Amino acid sequence: MTTTAWATPKIFDLDAVENVEEEQKVELNYTQPVIIPADATLKTNALLMAHEPDTSDYDEWDSVDVNYAGGAAAIAPNAPTRQLDNVSLWGWLGVSLGSFLLLALVVDTALFLDEQYDNSFVLGTVFLVLITGITATALGLTYRSYNKILQLKTVSELQAEGFQLFDSQGHGRAMPYVNRVASLYLERPDMKGNLNQFYAAVTDAHHDQEVYELFTQKVMSDLDKQAYQIVVQRSKETALLTMLSQIGLLDVIFTLWRNTALVKDIATLYSGRPGFIGSFMLFGAVIQNLLYADVSEAAADGMAEILGGSVLSVMSGQMAQGLGSGVMTARVGLQAMQNCRPMPFDEKNKPRLRHVRKEIVKSMTEVFSKKDSAGTAG
Amino acid sequence: MEVPEQANKWLSQLSKANLKERLNRTFDRQVKLAVTGLSRSGKTVFITSLVHQLLHGLEGSHLPFFHIVSSGRLQGTKLMHHPDMHIPAFRYDPSIEQLCQESPLWPEPTSGLSQIRVAIRYQTDNALVKKVNPVNTLFVDIVDYPGEWLLDLPLLELSYEDWSMQIADMCQHEPRLSLSKDWREFMAQQDVTGQVTDETLRKASELYTEFLHRCKDRQYNMSLLQPGRFTMPGDLKGAPLLEFCPVLELPSGTTQAAESFFLIMKKRYESYKEHVVKKFYTEHFSSFDRQIVLVDMLRAFNIGHASFTDMREALNMVLRSFEYGKTGLMNKLFGLKIDRLLFAATKADHVTPNQLPNLERFLQQMLTQSYNDVIFEGVTTETLALSSVKCTQAAHTQFQGQKISCIKGVPLDSNQPIALFPGEVPTDIPLPEEWVDGRFNFVEFKPPRLTNGNGNRIPHIRLDRALEFLIGDKF
Ligand SMILES: Nc1nc2c(ncn2[C@@H]2O[C@H](COP(=O)(O)OP(=O)(O)O)[C@@H](O)[C@H]2O)c(=O)[nH]1
Ligand SMILES: [Mg+2]
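One line per chain: the protein sequences are A and B, in this order.
Sequential numbering from -3 applies to the first sequence in my numbering.
Sequential numbering from 29 applies to the second sequence in my numbering.
This is chain A alone, in the form it adopts within the complex (with noise of 0.2 Å):
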């Protein structure tokens, strides 16, 4: 075989035989300094001007000639969206679960009303028309988040762009990179201030790591503060509501109604959508959230009926299942931030779900107890 022929050793003649790296020879690799003639076009950042060492003072540089011209307005182009188009396969999936899981709880809450009516004609017809009144309402709103979601600009390729610049020991490209994400938010008055805030401070010597964190620590971070308290606030509510409600066809509207709604809110937050990984990741996590809305709430019915019925017992499995609910809607809510935010996380200032959950505890907690100081007085 020709592949052993030449495997084997073989002596070479030396006068055969090219150096590759020439011994002995230095190679001057580098670049002459240049004085850049006085007719030539500087280029400079004209929206760093303002701290800039005033060097054209003492002369006419009369042929500047200006990046930026006239500040925000013209800020670099914004990210190309992109159209969520090929998601067939996993949309299909996506479907067939969503069916499926609504064929049980449309059968269940069949089973629910067909015992009211059992009972009385009217409370039966009262339920039925509750909960389909609440069911579409709820579907509504969640159609009318949904198209909003889709109304803005999908992040992904700042987000790709972006990781990119963490392990970026350079300098220069992430100026451009920091505009276009500032262009998703020059129309907003709410982030006039810290963007003013993050141009008077950033100067062309700081580095592509020190603008990223510079834009984090005066721009982001107001964001995530509001989209943290967002989340938190979402999955109280959540949290309640599972705990109070006791059908499972409700929970799961409730449920898809209220992480559309969170997801609506910390998108237009952050003015961005999540990409195609970013949205399936977000799917994901809320059909994990509505099975476990659904499957929880018999699991608490399960739970009172081993438990005797007792109204302590009842009260503690819906609990659980309120908090497990809740933590699930953060979970949700923390995936949105991280897809929709177009810079993203680094390890530190990622937000945690462990904190998310302290909060839900507390306050169901604050809830329960002031039920059960109630129950005990009445």
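Worth flagging that the hints you see were computed from the coordinates, not collected in a lab.
Only a predicted model underlies this, so the values are computations on that prediction, with no experimental measurement involved.
Heads up, the beta-carbon is just placed ideally off N, CA and C, and yes, glycines get one too.
Some clues are possibly wrong.
Calculated from the model, a selection of chain A residues having no Cβ within reach of chain B, i.e. all distances over 12 Å [to be verified]:
1) V30
2) S92
3) A100
4) L119
5) G120
6) Q160
7) L182
8) Q193
9) Q284
10) Q334
With a straight-line cut-off of 25 Å between C-alpha atoms, the simulated SDA-like cross-links for lysine to any residue are [as the list claims (entries may be wrong)]:
11) B:K158 - A:H351
12) A:K354 - A:L236
13) A:K188 - B:S67
Once you've looked at the hints, dock chain B with the ligands against the given chain A.
Coordinates of chain B with the ligands only, in the frame set by chain A:
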């Protein structure tokens, strides 16, 4: 029960000690920040700018990476009178006036040791202290002293004979060989074992001092010049303590006049060690908490290989003052308090911004020799490229068909701004044959005019990072 009781007692002691330590740490009232560097490395400018930035700390966003300022916990800053009346005050007011006037000038260089105190009032974020004392004050004592003085530390370990031989050896090579000619010729005429006149002694030490000054000249820019006080006398200017010099050859025979050149010089050398070197270390150096060493590498780049290697050796010698290991000479002799040490490449505005990382890496490379040899047990060290006063603006242009980054500024000797690509800072130390003429052209610039757009603030590069590293943990 006995065991839990004991454990309890132990626990309470532990938490008491813990509490006390925490209280001590958070009520931290004073930190002594020492600033050094060889002459013209930018100490005066650094301190002037630093104090100015601190005094204007409340007015905006010029120190984003100095946490106490960017977090909004800073309450105010104030220049204080220094309690140590016997130490000269750092001349902040005249310096800042020169920098901020209509046509700004660099501050007058100073020699010797001086001190200035800045009080920083801040809100603590320690929950415990907050209850007792929500607003605290940190006094930052900034001490300026010539880095040349640190070159004297090795003398403590050297006998006069050893030191003389080292100097004689160094004088075998250019540029010292030709620069020391006058002194060497004079020494060659002397009989170091014979009786000697005061006149001869004075002449010899004068010639030696002159030789050191010549080495220090801009065009040679040598750094490793011992004894350090000869070029930077400080308060010892003209003192008899500085009247000695090494010999070129050790006396061979045992017969020697009682008052011979050699013996007198040896005695003076010993008293220099005792009364100058040791005194500095015990009186000042051992009280420093934090240290920043400023290094002007760009000048060495401009001049070439000899200047560069000399500076590297000098720097590594300076580093020896911070050895902290059990065997560290400093620690053995005087004890060392310094627990943070920052090496800063100054005048970073001379290079294009995309080369700042290179500058930092290069400085690190230059120091690796001693980073490896010396154990910095307990001393946190860092390297940084900074500029106390940013005189240039980054720009880029098209040059010979290529995009090239450059800096724009007004050179010291003209009124016309220039745009300049000053050469690339290498990441590795170039080989001797790579130091060709014209590889670097780092130009000195005029300080910028402060405009209203700046809010009259001095533009800088990374002073905030330096501050954060040096005193950020004290808040
Ligand atoms: N461009 C620039 N030049 C500086 C800077 N700091 C110092 N210099 C220059 O270095 C010279 C010496 O500085 P100085 O502080 O007097 O040095 P010292 O001897 O260490 O106190 C000044 O006169 C300036 O020309 C800086 O941040 N940027
Ligand atoms: Mg000085």
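Tested hints:
The claim that A:V30 lies off the interface is violated: its Cβ sits roughly 5 Å from the closest Cβ of chain B, which falls inside the 12 Å cut-off. Residue placement check: A:S92 keeps its beta carbon more than 12 Å from all beta carbons of chain B (closest about 51 Å). Listed as outside the interface, A:A100 is consistent with that label: its C-beta sits roughly 50 Å from the nearest C-beta of chain B, beyond the 12 Å cut-off. The beta carbon of A:L119 is kept farther than 12 Å from every beta carbon of chain B, the shortest such distance being approximately 55 Å.
With a closest Cβ-Cβ approach of about 57 Å to chain B, A:G120 is found to remain outside the 12 Å limit, as its non-interface label requires. Under the 12 Å C-beta cut-off, the non-interface status given to A:Q160 relative to chain B holds; the minimum distance is some 16 Å. With a least CB separation of 19 Å from chain B, A:L182 remains clear of the 12 Å interface cut-off, as annotated. Annotated as non-interface, A:Q193 brings its C-beta within 12 Å of a C-beta of chain B; the closest such distance is 6 Å.
Every C-beta of chain B lies more than 12 Å from that of A:Q284, the closest at about 38 Å, which supports listing it as non-interface. At roughly 25 Å, the least C-beta separation between A:Q334 and chain B is larger than 12 Å, which holds for a residue marked as non-interface. Taken as a hint, the B:K158 and A:H351 pair is honoured in the structure, with Cα atoms around 24 Å apart against an allowance of 25 Å. Straight-line distance between C-alpha atoms of A:K354 and A:L236 comes to about 15 Å, which keeps the hinted pair within the 25 Å bound.
This hinted pair does not check out: A:K188 and B:S67 have alpha carbons roughly 46 Å apart, beyond 25 Å.
Checked against the numbered hints given earlier, the structure breaks hints 1, 8 and 13 and satisfies all the rest.
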